[in-house]
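Trainee: Here are the chains, one letter per residue:
Number of protein chains: 2
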Amino acid sequence: MTSSPAIEGLKQALRRLPGVGPKSAQRMAFHLLSRDREGARALSEAIRIALERVRHCRRCNDFSEDELCPVCASPRRDHTLLCVVETPADLASIEQSAAYNGLYFVLMGRLSPLDGIGPEELGLQRLETLLDEGQIREVILATNLTVEGEATAHYIGDLARARGIRASRIAYGVPVGGELEYTDRGTLARALTGRHDV
Amino acid sequence: MTSSPAIEGLKQALRRLPGVGPKSAQRMAFHLLSRDREGARALSEAIRIALERVRHCRRCNDFSEDELCPVCASPRRDHTLLCVVETPADLASIEQSAAYNGLYFVLMGRLSPLDGIGPEELGLQRLETLLDEGQIREVILATNLTVEGEATAHYIGDLARARGIRASRIAYGVPVGGELEYTDRGTLARALTGRHDV
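Here the protein sequences come in this chain order: F and G.
If you read the first sequence in our numbering, its first letter stands for residue 1, the second for the next number, and so on.
If you read the second sequence in our numbering, its first letter stands for residue 1001, the second for the next number, and so on.
These are calculated hints, taken from the structure and not from any lab test.
Idealized CB from N, CA, C, for every residue including glycine.
It cannot be assumed that every hint is accurate.
Now the in silico label distances, taken between C-beta atoms and shown as ranges [what the hints assert, rightly or not]: (1) G:Gly1019 <-> F:Gly177: 26 to 36 Å; (2) G:Glu1038 <-> F:Ala89: 12 to 22 Å; (3) G:Glu1038 <-> F:Arg41: 34 to 44 Å; (4) F:Thr146 <-> G:Ala1089: 18 to 28 Å; (5) G:Glu1038 <-> F:Thr146: 20 to 30 Å; (6) G:Glu1008 <-> F:Val176: 27 to 37 Å.
Chain F on its own, in the form it takes in the complex:
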């Protein structure tokens, strides 16, 4: 593949995808141009359509094609429970567990002062407005167990409690089916400090 502006442009554009380096980009460009031109056309179109149609739900901030996403619009969901997650992918994982029937709020990030992301940049104003409406009785904090995720959970927990709303954190510990022998130290420590009476 001698250099051609169109191929170079395609490789550069593919490298903006997460986890794609120069070698993968070259392999993908080659695949699209020589083996799957139909797939290439489909991908170009799918991106265009998604950019055009996908916006954020006015209430929970998840991706949605409508002003209100199907979860927020559903009368069957428990509108007194609000689960706060970092990303739409986290939301999808919880939905797949089928263990939750409340609503969500998607932060699209986490507090990270070092990267200049404070409460304002994260748009926590919208979350406060939601809490002020008075319908929510419990906020479930499902941010990740990282320094930033913990700080974010702490901050939002304070927001909830200041309004007399219960705040809870999902349990972190040994995964179901996990064996103690092969569980990392951090998880074991968390499982021990998070123990509860039986």
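Fit chain G to the given chain F structure using the hints.
Mentor: Only chain G this time, still in chain F's reference frame:
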């Protein structure tokens, strides 16, 4: 991310890329929609432009925006040498070595009877026409060292010799900088059978 036809379509389209499974596709879709909409637009456009402009060089079959690729069009290249490779990526690797100054022929595959790819499907007719022109004095076989690559090299070597053209195979053996201790058995066996007098 609750299901939305546009997002699902994007994830499906991304999965057609080599090495992209459901989890990567979801991560990529999320990245494009929430963190890099500009990159998403650029990717959609880059694919469209590449599909429109990139075709195959009339002579060597490599990707090219012109009827003749820069290598085939160059009067500085040795037009008596023809290096046969499987893919444009292989060609790019050889060009980067800066050790070759002849022309190429890109097979865009290899003989693979089990997959129904015979000499006809691989378009070897075009290679034969090229050899019949009488300009080429040596065909360098640079297909991969797999069963199919070896069979392809053997077949094309016969085509060349039948026309009185010299056929050679690139050397396979211990890589430069490689240590015998850590070289796999197959490579060592090849290095031994391929030994030459010094």
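Trainee: Could you run down the list of hints and mark each one as holding or not?
Mentor: Each hint tested on the structure:
Hint check: G:Gly1019 to F:Gly177, Cβ distance near 28 Å, so the stated range 26 to 36 Å holds. Under the hint 12 to 22 Å, the C-beta atoms of G:Glu1038 and F:Ala89, about 21 Å apart, fit the expected range. Evaluation of the 34 to 44 Å hint for G:Glu1038 and F:Arg41 yields a failure: the beta carbon distance comes to about 22 Å. In this structure the supplied range 18 to 28 Å is violated for F:Thr146 paired with G:Ala1089, their Cβ-Cβ distance being about 38 Å.
G:Glu1038 and F:Thr146 have their C-beta atoms about 27 Å apart, which keeps the hinted 20 to 30 Å range intact. A beta carbon spacing of about 28 Å between G:Glu1008 and F:Val176 agrees with the range 27 to 37 Å that was offered as a hint.
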